[in-house]
Amino acid sequence: MNRGVITYIAGRFLQSVMVLWIIVTLLFLLFRLAPSNPLASYIDTTFTKEQEAALLARFGLDKPLGEQYIIYLLNLARFELGDTFSYSGKSVLDILSADLPNTIYLTLSSLLVAYGVGVLGGILMAALRGSLFERVGTTFTLMTRAAPTFWVGMLLLTFFAFQWKLLPSAGIAPAMVRFRWETEWDKLLSPVFWRHMILPTFTLAVYLHGLPLLLMRSNMLEVLDQDYVTMSRLAGYSEWRVMIQTAARNAMLPVLTALTLGIGYSIGGNVVIENVFSWPGLGRTLVRAVQQADYPLAQGAFFLIALIIVFMNFIADILYSLLDPRVGASAQAQVS
Amino acid sequence: MQQEAMAREGSTGLPAAEFRQGSALRQLWETNLEVFQRDRMALFGLIVFAIFALVALFAPILAPNDPLTPLKNNDGDWIKDALPYWLAEPGEDVAEGYTNDFLLGTTNIGRDIFSQLIHGSRAALLVGFSAAAAVAVIGTVIGLLAGFYGGWVDSVLMRAADVAFGIPFIPFIIVIAAFFDPSIWNVVIAMAILLWRDTGRVIRSQVLVIKEQAFVSAARVSGASNLRIIFVYIAPSILPLSFLYGSFAIAWAILTEASVSFLGFSDPETISWGFMLQDAFLSLALTRGAFYWIIPPGLCIMLTVMAGFFIGRGYEEVLFPRLRRM
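First to last, the protein sequences are chains A and B.
Each residue of the first sequence is one higher than the last, beginning at 1 in the numbering used here.
Each residue of the second sequence is one higher than the last, beginning at 1 in the numbering used here.
It is worth saying that the hints were derived from the structure and are not from the lab.
Glycine included, each C-beta is placed from N, C-alpha and C at the ideal position.
Be aware that one or more of the hints could be misleading.
Some chain A residues judged to face chain B by a derived CB distance under 8 angstroms, without partners named [as the list claims (entries may be wrong)]: (1) Leu14; (2) Val17; (3) Leu20; (4) Val24; (5) Met143; (6) Phe162; (7) Leu166; (8) Leu167; (9) Leu211; (10) Ile315.
Label pairs and their calculated CB-CB ranges [what the hints assert, rightly or not]: (11) A:Thr7 - B:Arg220: 47 to 53 angstroms; (12) A:Leu93 - B:Ile295: 40 to 46 angstroms; (13) B:Leu227 - A:Lys49: 33 to 39 angstroms; (14) A:Asp62 - B:Phe320: 53 to 59 angstroms.
Facing chain A, from chain B, some residues (calculated, C-beta under 8 angstroms) [said to hold, decoys possible]: (15) Leu25; (16) Leu28; (17) Phe165; (18) Ile167; (19) Pro171; (20) Val175; (21) Ser259; (22) Pro296; (23) Gly298.
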């Protein structure tokens, strides 16, 4: 790794920190300057003026806005997210750290399925270009991207959970039995957990497989036009070897970048599916927090999702510049 | 890919200013025509939008009942959970619960599903087209300014785009919806604030190429002001790109509106397809297998979203001809 690359990465990192700082500031302004009082749900009409003032002081809301902002930034930097309104005695961090793993499991498993199917499907579509199968397949993929994920989830629930009673309909464990997994490992090793993950994973994969499939297909078609592919054809390699070993390997790179970006955006986009399947993740907590006017929790969940997205954007940028020498070179030129 | 599109766009000569202006607009019109003549899927998308627009316009006439009022039969009982008449077995007496009056049956509190479906087209098209217009206009103007002026204007606008890329979209709308009164316009506002980012970046990079071309220098030499160069000389060449991103934005807006309504952050007085699905979901239509309630709104969302995708792809194929060869 030469110095140019390191300078580029450092520059991009600083830029990401700046972006995050602006987002956090906007978040602060949004929540403080909101038309409704952040404690509106908390303050009863029976409260006396003194009680109200004490409450404001407890949450630091009596201080001037500038001071609140500094405290807020310092707290965020230490990952101090405050206390929730609606879950008594629990801190925002407690709730979010219980949710985050569930969101990550769902995101990664659905992306894995989607990108597996998408990459293979893209190769197949490229190999069969111009055929009826290819046209029907591509149109079908476009349709899956147009169908709202929550609706696909509802249909799958209706069939697999309610009509045929094959799979559980909600949550990560049966509601009747009190399931307690001591550690995340126990959870991940438990077949019960995986059974609950099948439907939401599949629902998300129905939507997510479209991007890698279409991307892989057009990259393949582009790569297949290149001289080195023609050369390996002329060298007498079998069609499948040309397709997989020569073309697919080169067509994969942009798909990998898309996957990195996809991790960040899926975590933000899972909100709807987590609610359809009552999946105890960040998205469901965010919706609940907003519905119950639990502002610290909503703010914390939003911050965590934004943090993940900014971080994954950063990783995707770095990956892209490392994989594509042209971008790397121009990026270095920009920095230096 | 973009260079090729550029070559097409910039290929007209550069006669007198007045004539160029006319020819640029005509070129734009011809591009639009070409999209729908060449691409049957894009034409299909246009027809879908046209049909739904008519349905939305004449919704009160087309809908047999008020979408929000629970209905009663002649005996004064609520007509709850009535099945559509065509679900009755042929030859079987139209049993209790089956009704000839409701094409798609009624909801659990006796609202007419078919009427809701018709009225739902209004929210979808209103949000879809106004959000898309906002996204395309903001993205185009920002892309034009950033690309043309460069320097600190470019830096500020592109860093703003980075920030917009870092904000999670659906969570942002939910938070916005929490602070303001529930309304379908929250989706439009949130989309306008965030989704100009893609359009803005792409248009900026196109402007960087166009502004180096001879006709722009010619205009500058002839004394045209910066704003005139941007909006009269450069803008017409990149407008097809704005249409491309605008068409995709219609699709995203309709999907997003549906998701947000499904999560319960829309105005309960406005019927939308997402709201219908939320209603069905919460009143356990899934466990009863009430397909007549669940499937139609989803299909309508899918059709209108696909229409947006198809039109967007039509523009893509005309603007980036290499894709077409594939």
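Hint by hint, here is what the structure shows:
1. Leu14: Constraint on Leu14 of chain A not satisfied, violated at 12 angstroms.
2. Val17: 11 angstroms, violated
3. Leu20: Since the shortest Cβ distance to chain B is 7 angstroms, the answer is holds.
4. Val24: Because about 10 angstroms separates Val24 of chain A from the closest Cβ in chain B, which is outside the 8 angstroms limit, the hint is violated.
5. Met143: Cβ of Met143 of chain A sits 6 angstroms from chain B, so the hint holds.
6. Phe162: 5 angstroms, holds
7. Leu166: With a minimum Cβ separation of about 14 angstroms from chain B (threshold 8 angstroms), the hint on Leu166 of chain A is violated.
8. Leu167: It is violated, given that the least Cβ distance between Leu167 of chain A and chain B is near 13 angstroms, above 8 angstroms.
9. Leu211: 13 angstroms, violated
10. Ile315: With Cβ-Cβ at 13 angstroms, over 8 angstroms, it is violated.
11. A:Thr7 - B:Arg220: 47 to 53 angstroms: 36 angstroms, violated
12. A:Leu93 - B:Ile295: 40 to 46 angstroms: 42 angstroms, holds
13. B:Leu227 - A:Lys49: 33 to 39 angstroms: With Cβ atoms ~56 angstroms apart, the hint is violated.
14. A:Asp62 - B:Phe320: 53 to 59 angstroms: Taking Cβ atoms as reference, Asp62 of chain A and Phe320 of chain B lie about 58 angstroms apart, which means the hint holds.
15. Leu25: 32 angstroms, violated
16. Leu28: Hint violated; Leu28 of chain B Cβ to chain A Cβ min 26 angstroms, cut 8 angstroms.
17. Phe165: 6 angstroms, holds
18. Ile167: 6 angstroms, holds
19. Pro171: Pro171 of chain B check passes; min Cβ-Cβ to chain A is 5 angstroms, inside 8 angstroms.
20. Val175: 6 angstroms, holds
21. Ser259: Hint on Ser259 of chain B: holds, closest Cβ of chain A at ~5 angstroms, below 8 angstroms.
22. Pro296: Interface hint status for Pro296 of chain B: violated (11 angstroms vs cutoff 8 angstroms).
23. Gly298: This hint holds: Gly298 of chain B lies near chain A, its Cβ roughly 4 angstroms from the closest one there, short of 8 angstroms.
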